[in-house]
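Use these hints to put chain B onto chain A, whose structure you have.
There are 2 protein chains.
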Amino acid sequence: MNNKQALYNEYTERMQKIADVNYSIAVLGWDKEVNLPTKGVRFRSRQLATLAGISHELFVDEKFGDLLQRLNDGNSLDKGQEKNVQLSLKDFNKTKKLSKEFVIKRSKLTSDAYHQWIKAKEANDFEIFKPALSSLIDLKREEADLIGYEDHPYDALMDEFETGAKTSELTVLFKDVREQLVAFVKELKEQPQVDNSFLHKFYGKDKQWDYGIDVLKNIGYDFEAGRQDISTHPFTTNFSPEDVRVTTRIDEQDFTNMVWSCIHEGGHALYEQGLPVDQYGLPLGTYTSLGIHESQSRLWENNVGRSKEFWKHNYPALQQAFPENLSNISLDKFYAAINRVEPNMIRTEADELHYHFHVLIRFELEKGLIEGSINIDNVKEMWNAKYKEYLGVDVPDDANGILQDIHWSHGSFGYFATYSLGSFYAAQFFHQAEQDIPGLRQEIEAGNNANLLKWLRTNIHQHGRHYTSQELCAKVTGEPLNFKYFMDYARKKFKGIY
Amino acid sequence: MNNKQALYNEYTERMQKIADVNYSIAVLGWDKEVNLPTKGVRFRSRQLATLAGISHELFVDEKFGDLLQRLNDGNSLDKGQEKNVQLSLKDFNKTKKLSKEFVIKRSKLTSDAYHQWIKAKEANDFEIFKPALSSLIDLKREEADLIGYEDHPYDALMDEFETGAKTSELTVLFKDVREQLVAFVKELKEQPQVDNSFLHKFYGKDKQWDYGIDVLKNIGYDFEAGRQDISTHPFTTNFSPEDVRVTTRIDEQDFTNMVWSCIHEGGHALYEQGLPVDQYGLPLGTYTSLGIHESQSRLWENNVGRSKEFWKHNYPALQQAFPENLSNISLDKFYAAINRVEPNMIRTEADELHYHFHVLIRFELEKGLIEGSINIDNVKEMWNAKYKEYLGVDVPDDANGILQDIHWSHGSFGYFATYSLGSFYAAQFFHQAEQDIPGLRQEIEAGNNANLLKWLRTNIHQHGRHYTSQELCAKVTGEPLNFKYFMDYARKKFKGIY
Numbered sequence: 000m001n002n003k004q005a006l007y008n009e010y011t012e013r014m015q016k017i018a019d020v021n022y023s024i025a026v027l028g029w030d031k032e033v034n035l036p037t038k039g040v041r042f043r044s045r046q047l048a049t050l051a052g053i054s055h056e057l058f059v060d061e062k063f064g065d066l067l068q069r070l071n072d073g074n075s076l077d078k079g080q081e082k083n084v085q086l087s088l089k090d091f092n093k094t095k096k097l098s099k100e101f102v103i104k105r106s107k108l109t110s111d112a113y114h115q116w117i118k119a120k121e122a123n124d125f126e127i128f129k130p131a132l133s134s135l136i137d138l139k140r141e142e143a144d145l146i147g148y149e150d151h152p153y154d155a156l157m158d159e160f161e162t163g164a165k166t167s168e169l170t171v172l173f174k175d176v177r178e179q180l181v182a183f184v185k186e187l188k189e190q191p192q193v194d195n196s197f198l199h200k201f202y203g204k205d206k207q208w209d210y211g212i213d214v215l216k217n218i219g220y221d222f223e224a225g226r227q228d229i230s231t232h233p234f235t236t237n238f239s240p241e242d243v244r245v246t247t248r249i250d251e252q253d254f255t256n257m258v259w260s261c262i263h264e265g266g267h268a269l270y271e272q273g274l275p276v277d278q279y280g281l282p283l284g285t286y287t288s289l290g291i292h293e294s295q296s297r298l299w300e301n302n303v304g305r306s307k308e309f310w311k312h313n314y315p316a317l318q319q320a321f322p323e324n325l326s327n328i329s330l331d332k333f334y335a336a337i338n339r340v341e342p343n344m345i346r347t348e349a350d351e352l353h354y355h356f357h358v359l360i361r362f363e364l365e366k367g368l369i370e371g372s373i374n375i376d377n378v379k380e381m382w383n384a385k386y387k388e389y390l391g392v393d394v395p396d397d398a399n400g401i402l403q404d405i406h407w408s409h410g411s412f413g414y415f416a417t418y419s420l421g422s423f424y425a426a427q428f429f430h431q432a433e434q435d436i437p438g439l440r441q442e443i444e445a446g447n448n449a450n451l452l453k454w455l456r457t458n459i460h461q462h463g464r465h466y467t468s469q470e471l472c473a474k475v476t477g478e479p480l481n482f483k484y485f486m487d488y489a490r491k492k493f494k495g496i497y
Numbered sequence: 000m001n002n003k004q005a006l007y008n009e010y011t012e013r014m015q016k017i018a019d020v021n022y023s024i025a026v027l028g029w030d031k032e033v034n035l036p037t038k039g040v041r042f043r044s045r046q047l048a049t050l051a052g053i054s055h056e057l058f059v060d061e062k063f064g065d066l067l068q069r070l071n072d073g074n075s076l077d078k079g080q081e082k083n084v085q086l087s088l089k090d091f092n093k094t095k096k097l098s099k100e101f102v103i104k105r106s107k108l109t110s111d112a113y114h115q116w117i118k119a120k121e122a123n124d125f126e127i128f129k130p131a132l133s134s135l136i137d138l139k140r141e142e143a144d145l146i147g148y149e150d151h152p153y154d155a156l157m158d159e160f161e162t163g164a165k166t167s168e169l170t171v172l173f174k175d176v177r178e179q180l181v182a183f184v185k186e187l188k189e190q191p192q193v194d195n196s197f198l199h200k201f202y203g204k205d206k207q208w209d210y211g212i213d214v215l216k217n218i219g220y221d222f223e224a225g226r227q228d229i230s231t232h233p234f235t236t237n238f239s240p241e242d243v244r245v246t247t248r249i250d251e252q253d254f255t256n257m258v259w260s261c262i263h264e265g266g267h268a269l270y271e272q273g274l275p276v277d278q279y280g281l282p283l284g285t286y287t288s289l290g291i292h293e294s295q296s297r298l299w300e301n302n303v304g305r306s307k308e309f310w311k312h313n314y315p316a317l318q319q320a321f322p323e324n325l326s327n328i329s330l331d332k333f334y335a336a337i338n339r340v341e342p343n344m345i346r347t348e349a350d351e352l353h354y355h356f357h358v359l360i361r362f363e364l365e366k367g368l369i370e371g372s373i374n375i376d377n378v379k380e381m382w383n384a385k386y387k388e389y390l391g392v393d394v395p396d397d398a399n400g401i402l403q404d405i406h407w408s409h410g411s412f413g414y415f416a417t418y419s420l421g422s423f424y425a426a427q428f429f430h431q432a433e434q435d436i437p438g439l440r441q442e443i444e445a446g447n448n449a450n451l452l453k454w455l456r457t458n459i460h461q462h463g464r465h466y467t468s469q470e471l472c473a474k475v476t477g478e479p480l481n482f483k484y485f486m487d488y489a490r491k492k493f494k495g496i497y
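Chains as they are written, first to last, in numbering that gives the first Met the number 0: chain A, 0 to 497; chain B, 0 to 497.
Isolated chain A, as found in the complex (with noise of 0.2 Å):
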């Protein structure tokens, strides 16, 4: 073994003990979501900063920093080696801008803020929420100043979740939605709206559970390798490859929500689940974004788990499971319900359509209040007009307009956006897997998922951090991102609904 490889083997060993602290931080914390007693709050949140503070203080390392510049040269390494390394260093460099006071700062001010919009939405007033919200804005500016940026600061904070995703670019994109999608939706508004009532018949717990867990082993989640449980809010989280957990909930009232929670999150853990074990801690062996990961959830929620071969497949159980409400309604009628197009005030709760307009509000509103061409005074107002202009509704108060979010208030500026990059990198992977495997959508109407799940994981899964999005989406699709493919799926899928 040379020199070079020693050190390399060094840099690996610290990268897997901070992977195992930063794991043991998501098995504390997916505890504290599953099972948590209520008494048990105050010390799991000490532990939770205990072991954030040691895995911290072993990445920020000064020693650690010179290992990464030495084995930086580039020469020794194979490829793999080599991203490893330029990616952790690039961590490392944009670690050290954040000076430990303004990491301190931040976090009181985060912490703040969460505190004043939890009183905030409960007294349903954004006046509360204002004077925290202003200096989290002061803050990510300082921020954006300290990370560095070419164009504009907010490509400085979407760095955190979208690498070298840029504002221009998204201007244009977003431009795409409003024009082309608000259009889209309006010619949809004429035409007789589907009924989906049944949908929101009596759907016992036990039987949803159990239909849940069968669509979950349909798309290809190993429950070898992971389990579902409950929680409040559905999430996604992994110890390893190889333990991955997903939770759903279960609404008596609203079948819905159970079931593409169940193929949403297990979407994002197929990919967890498809990364590659052998680079276990190191950025290869992690997502590649946000809007990446994002694409894999949807790709299975909606271009898979709401379209009419999945449920070819999937519809017959759930008569059988559901008789009481589901005998009589032909998968024509069902289909049409799953995929009902109609505006709603909470973005979690949008339709696969409308979705985009919340993001994009969301978008403009933080993009104008980092540049500093909205001022906070007017935000509020900006929001309500602005739900009225694309979506044609009126916010009845805060706690369903401007407070609805965790996001703001834990200071995730930026991060909006992959949502929607989600659906729309979706749509174009889903439109290429068409055209590399004849036969996908009889395959999936059969009930087989097996040779997607397989061309996601060649594609996509398998590169872990090695590409930015925008590099893996021109790799496996032959083109950078375009709204095109989503625009089509839209049109031809709701096309035939209404």
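It cannot be assumed that every hint is accurate.
Heads up, the list lumps identical chains together, so a pair's fine if it works in one copy or across two of them.
[What the hints assert, rightly or not] Simulated pairs of lysine-lysine, DSS-like, Cα-Cα distance not exceeding 30 Å:
(1) K165 - K107
(2) K38 - K216
(3) K38 - K82
(4) K188 - K174
(5) K332 - K96
(6) K38 - K453
(7) K82 - K307
(8) K62 - K95
(9) K174 - K311
Note that these hints are calculated values from the structure, not bench results. Model, not experiment: these values are computed from the prediction.
Structure of chain B alone, referenced to chain A:
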């Protein structure tokens, strides 16, 4: 704040940081037993090992040792603070006596011995385990020498589990066990056996589960500071006094498994829930010794949970849950059945009296092996001969004989005795509680265990590790551990049944 107090705060901070890591290990360990998907084992093991390494490094840090030395000069600290520092310094010095090389060797040997034990048990052949056991015994002798002892090398090993336990004193104690208990059990055997066949009918899983939860509530277990789950082997674990979890197992053909595991683990958990929360991470926030811990589980399991008073309150609900098995069984018949005395090969299935013969045999063999008076080539024959002599049973094979317990494979020599100490302390404590709480038995009969729990909280739990078990026993009962209390309890109880 004076300088000494600032140092004490520094000490507290470090200890609580270590506790955070150790309790995180406990969360990962709990999850491993309760939830882990099969493929998750590999990375969970390395995550556990990494956290253990971090915890160890934080504790054995020389600077921390200096801090402890400076704090230990006996000035300006209050009594509790002084005690914490003394105990931490004792732990620190003990840890320092074992070199890093020795710890690595021990870890390697025990890991190897564990695998050999698994193999040997599967193959039902002690010869497979013998070489590893022999190496372990050499290692344990070396460990005893490194730690140091006054009278007997076995003292050094027992100290790990039962601070201050002396081989000489336990030799006297187990002589009493051998003479008095063997004779008493012989007397009982001359009486007609009681019927317990109805305990082994079909008891449905869900009803057993619900009943177990009710029993835990009845003894005072706080479900807001804990939860119960299912695992292969029942255990108690804690992440703070505000999150203490128990597990149980359910056998539909053997009702006794579940209920008494609930009460036994519940007893452990009540102790942990009663430890002083303001001493989190410090010696005074942890339990006295394994013997005292076991006294709490056994007091609830046997002195309370196998008493007629307890079942006078709890039996009607049990009959209601399982009328098909119990409606024709009187309380007296039930009470006799759950206290049936019968020799059995397997320690974990032993009744309240025979249990101590199992421990006695292990004590005699361990002591002999460590001091060198027993040769490893004879140990299996001695095991079988002692089972014949004390229990009157013929050991049919190694798997049900000398290979039945996991403890030796973990290198745990000096552990078994704490099980018996637990029962003997329990009898002495319960006798004292009866003196201190007039009408205690009537309270239990009425389903009210609150005063007993309060008594345990005040006299035992709140002290944490302030006293050794011997000191605690003298403080609570006015005298050292006295086997007489257990024999009196046993005679009174079992003469009433047989």
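Consistency of the hints with the structure:
Proximity of K165 to K107 under the C-alpha cut-off of 30 Å is restricted to the intra-copy arrangement: shortest distance 29 Å within a copy versus 53 Å between copies. For a Cα distance limit of 30 Å, the shortest separation of K38 from K216 across copies, 16 Å, qualifies, whereas the shortest one inside one copy, 35 Å, does not. Only between protomers do K38 and K82 lie at most 30 Å apart by alpha-carbon distance; the minimum there is 28 Å, versus 45 Å within a single protomer. Taking CA atoms no more than 30 Å apart as the test, K188 paired with K174 passes inside one copy only; the shortest distance there is 21 Å, against 90 Å between copies.
For the homomeric pair K332 and K96, neither the shortest alpha-carbon distance inside one copy (56 Å) nor that between copies (75 Å) is at most 30 Å. With identical chains, the CA atoms of K38 and K453 are at most 30 Å apart between copies only, with a shortest distance of 20 Å across copies and 44 Å within one. With identical chains, the CA atoms of K82 and K307 are never at most 30 Å apart, being 41 Å at best within one copy and 71 Å at best between copies. Taking the shortest Cα distances, K62 and K95 sit within 30 Å of each other both inside one copy (13 Å) and across copies (27 Å).
In this assembly of identical chains, the alpha carbons of K174 and K311 never lie at most 30 Å apart, being 36 Å within a copy and 76 Å across copies at closest.
Of the numbered hints stated above, those contradicted by the structure are hints 5, 7 and 9, listed in ascending order.
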